[in-house]
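Chemist: Sequence:
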Amino acid sequence: MAQGQKRNQVIVREAAPAMNTFKYEVARDLNVSVPASDYWGDLSSRDCGAVGGHMVRRMIEMAERSLAGTAAGGGARPGGQAR
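Residue numbers (the working numbering): 215 to 297.
Bear in mind the hints are in silico, worked out from the structure with no lab data behind them. A portion of the hints provided could be inaccurate.
Using 20 angstroms as the maximum straight-line C-alpha spacing, the simulated SDA-like pairs for lysine to any residue come out as follows [as the list claims (entries may be wrong)]:
hint : residue 1 : residue 2
1    : 237       : 272
2    : 237       : 260
3    : 237       : 271
4    : 237       : 225
5    : 237       : 268
6    : 237       : 255
7    : 237       : 247
8    : 237       : 254
9    : 237       : 266
10   : 237       : 263
11   : 237       : 249
12   : 237       : 257
13   : 237       : 281
14   : 237       : 277
15   : 237       : 262
16   : 237       : 256
17   : 237       : 252
18   : 237       : 274
19   : 237       : 221
20   : 237       : 269
21   : 237       : 275
22   : 237       : 283
23   : 237       : 248
24   : 237       : 253
25   : 237       : 261
26   : 237       : 222
27   : 237       : 267
28   : 237       : 251
29   : 237       : 259
30   : 237       : 227
31   : 237       : 270
32   : 237       : 264
33   : 237       : 224
34   : 237       : 226
35   : 237       : 223
Only a predicted model underlies this, so the values are computations on that prediction, with no experimental measurement involved.
Start from the sequences and build out the full structure, keeping to the hints where you can.
Modeler: Okay, here's the thing in structure tokens:
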């Protein structure tokens, strides 16, 4: 199978190892079994999309918490709804 082009480059190079670790943490949380090697080509598009989608959601949540100046946990949701 063709390797294709890598378009999803990390902007901050120092963050690459942390992003890779984060990817595996999210996959584990979603019960997506990934091979010990770093090759994800045998996984379904659905599983890869789920991992990527949850990574984005968590990164957005972290950025919002950072902007709001709060630590992880608690707080009100937009619109005044409590958690």
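Chemist: Could you tell me which of the hints above the structure violates, numbers in ascending order?
Modeler: Structure breaks hints 13 and 22.
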